[in-house]
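2 protein chains.
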Amino acid sequence: MPATATDPGTARPRSWWGWGYTDAHPDDAECVATGSLLPGTLARPLPIPQVADLGIGRPAVAPPSSLAHLVAADPEVRAAHAMGKGYRDVIRALRGRPGRIPDLVARPTDDREVADLLDWAGDHGVAVIPFGGGSSVVGGVEYRGDAHRAVLSLDLTSMDRVLEIDKGGRAARIQAGALGPVLEDQLRPHGLTLRHFPQSFEFSTLGGWLATRAGGHYATVHTHIDDFVQSLRVVTPAGTSESWRLPGSGAGPSPDRMFLGSEGALGVITEAWMRLQERPRHKASTSVVFADFHRALDAVRAIAQSDLNPANCRLLDPGEALLSGASQDGSTVLVLGFESATAPVDDRLATALDLARAHGGRGEAPAADRAAADGTASADGTAPADAAVSAWRSAFLRMPYLRDGLARMGAVVETFETAATWDRIPALIDEVRTEAMYAALKATGHQATVNCRLTHVYPDGAAPYFTVAVAGRPGDEVAIWDDIKAAVTDVLHRHRATVTHHHAVGRDHRPGYDRQRPEPFALALRAAKAALDPHHILNPGVLID
Amino acid sequence: MPATATDPGTARPRSWWGWGYTDAHPDDAECVATGSLLPGTLARPLPIPQVADLGIGRPAVAPPSSLAHLVAADPEVRAAHAMGKGYRDVIRALRGRPGRIPDLVARPTDDREVADLLDWAGDHGVAVIPFGGGSSVVGGVEYRGDAHRAVLSLDLTSMDRVLEIDKGGRAARIQAGALGPVLEDQLRPHGLTLRHFPQSFEFSTLGGWLATRAGGHYATVHTHIDDFVQSLRVVTPAGTSESWRLPGSGAGPSPDRMFLGSEGALGVITEAWMRLQERPRHKASTSVVFADFHRALDAVRAIAQSDLNPANCRLLDPGEALLSGASQDGSTVLVLGFESATAPVDDRLATALDLARAHGGRGEAPAADRAAADGTASADGTAPADAAVSAWRSAFLRMPYLRDGLARMGAVVETFETAATWDRIPALIDEVRTEAMYAALKATGHQATVNCRLTHVYPDGAAPYFTVAVAGRPGDEVAIWDDIKAAVTDVLHRHRATVTHHHAVGRDHRPGYDRQRPEPFALALRAAKAALDPHHILNPGVLID
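Those sequence lines, one after another, are chains A and B.
Quick note on numbering: the first sequence equals residues 1 to 545 in the numbering used here.
Quick note on numbering: the second sequence equals residues 1001 to 1545 in the numbering used here.
These are calculated hints, taken from the structure and not from any lab test.
Note that this is a predicted model, so its numbers are computed, not measured.
Keep in mind that a hint or two might mislead.
Claimed, not checked - If you only want the chain A side, here are some residues facing chain B, beta carbon under 8 Å, derived:
hint, residue
1, GLY239
2, LEU246
3, SER254
4, GLU435
5, GLY461
6, HIS501
7, PRO534
8, HIS535
Glycine is no exception: its CB is placed at the ideal position from the N, C-alpha and C atoms.
Assemble the whole structure, with the sequences as input and the hints as a guide.
In structure tokens:
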């Protein structure tokens, strides 16, 4: 197996310590320029960390000869599988204190090999961390503690094929290790799309989406990966689970829903039949400006409670709008978009605009069904129609890179998301903002920037997504972030807002999750895990002990 | 507690042995007239069974004095809780051989009483059968076997209140024992509706819908009760589980989805926060006639794969269309309807009609948005627009009563449903028809009527619903039906079609379910049950042993 961290789809080099492609990382000058916006950051960026400086030792175990051809043990590969890509991970790498480096990285090519690796690991007390694109921002793919003799990172990305397409039924059997672009490239010739575009799209896999119940970037209806699942194939230490391809079923609790969100703790998802969609032919989008954030919330609720089902309905608070270039004047901006493969969407956009205007929004419908007219389609299937939309989209994909640039300037900068019912939303957002600023100030002595946007909206609530940035104290960044996160998690708990809407639980959210999860469900989940993973080797520490 | 079997909402008398209200049962003359349509049935109807003839003895246990006020032991109440309302139940009652009569029937009024009853039952080896409206058609609410010292039917219908309404967030906290009309009556003054209308609407409860993953009568999108659940409260022997009210969450596998479809085997659902909808203001419906059933399937698939989301898209095969009066000439009929609380639906109906015509359908759009124009709304919120739609609707609600009338004429008559992907549907329907007719002929010597309709449609498949009717052999009706069901279940299994789309598993579907369910999921479910129900008292025999 090559020791490379090159992206299988693009041949571009992947960063072992930071987000995405190394060639897309901000250079030192850009880091300094970005850092200058945040008072108190460093004068010069922290150096890019080197694997050689980590002093990675020999693995504690060797694989059996029958599996050796699947397994790598060189430091570069192991370092690239040590952690996810959250701020905690990036700053630990920058400070030379990454999480425990796995002893081995295996890249199985089929279910038999996955099962053999699990058997071997179970027999030898080796923890197995299923690994897709490695984009976890919640500590989902690292090992903590020392209860296991060794750690194996199980990288699924060699299983990345679309194995079957049912064009008439608009579904495909897809291997779990396919990264977003890799699977879309295989579907495109058939005129079909999974239409699931999380921010991590390029760097996350189908299996990762399924194991973490990922949310796509569409605002309503079909955006949760859960709803696209027709059937799952999951290799567990107790055998392989394969559900039937069914459009709907009432035969007992859904087997698939038990594995969705199980974060590798119950088994390794190796493939799924996924529901697909035709590529949209009609699109229209625009932005609406509000002077008042709370009135904008009312507008969004009205749109979410209609049956207009916007593809995008993303509300940017003034800070978020400023940061992304969508607005310069302290306005709140609503990015609104509609799509359809069946019929024009102008009427839906116009009706949504009417609802927004009734709550004080200012915005115009674009002249025509733009995307359909000019035939363009961007990488993720959306087509921005105006400058604010376009500015926001570019910023959206660039954000994680900028976060890493700020981290190199010694900033503490991270995002987190939640969801709550509408009655909670206004106070929740206000209190998270206040508590995050207070916690940041207390921990650092600096003023923090706290921005908020709504990423997903529902008839009964919304998902606010927060970004916090503040100058850190050299060497204390992780502790500072943990303090801030603990403070906002308390706010979430007080408002009965979920500890995560679409980033999963991992290890970082465990304290909040343990408080949120009903205790009888914890009993059931623990029992289910003991039945499927009797040697307790699967992703120890996530979800349940 | 009164010993009556009177409906709490209407004060109309409920039948202990047959469907619904006794005053709606066909009289002897109607039974004879209906039976005459089915060659080989009896000349005179079987007499209506009497509780006094069942020889119901004394209960094997007495409740503790602290709970005695909640518990009834008189024969009428116990007989009415002995079984569900499937054909197997009705014919067993008619033949004087009902399932095991429960020793006691308890009607708790709050969670504390439910927990106390479970504690007492656990301590005394008493099986507990949660009971809502008692409309199970799969043996979901009866006790089979003799592993328990006694049987307690836990009737939840005294817990039937809407406890809270969040009008802005369109949600309500509803007790699980509320029958359909009881909860809708409490929501109507607020302009809201749960909009869940299974055929059993009048005789089934919210808790029953949740425990069985019920399907409403709408064809697409929001029709499964699962999707309306914001949070659940479930009393288990190991404690009470209460999930948070969340519009969406990615925090681990969904706790609610484990209890949805658990059929009382993991706990007793006592209340839920449910997502509501505004009452629709715009409606339009029509019917489309096809000369060929298979071309009609293609039309339905095209409509299901659009994003038009019809409220009704019910395809009736020629026999079904004839039986319901929707067509007399051997045509296939598609009942098509649209609803919206936001915007007119005429365009959507017109586009759907275009799709149907492109596949050989003949039909016209109604002149105007009918229901909105005349302001009428029927009991279940739909408003038929033409004669075929109207005929079909009346027949739909009358069908279970007619089934019981036919049962009194010695017929074997029952329905069953399934779901499969589109590629399976045409052959599946043909083979089920053939095998059911063959099995019926072999078992009875008579020609059976086998009709099919599609009740729910999806982009990736559909749910066919079958009705089988054939003259029985006196006294052998149960065995004959079991033979027919086993034959069609084999067809379903061969096509990987689910053993139930929305009728649940109960005890009748266990053999098919056991073959369908992935074995690792069975291990997990068994472990979860052992953790939550350590004395194995909860609805023994459903889902899992």
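Hints not upheld, ascending by number: Checked against the structure, the hints that fail are numbers 4, 7, 8, while the rest are satisfied.
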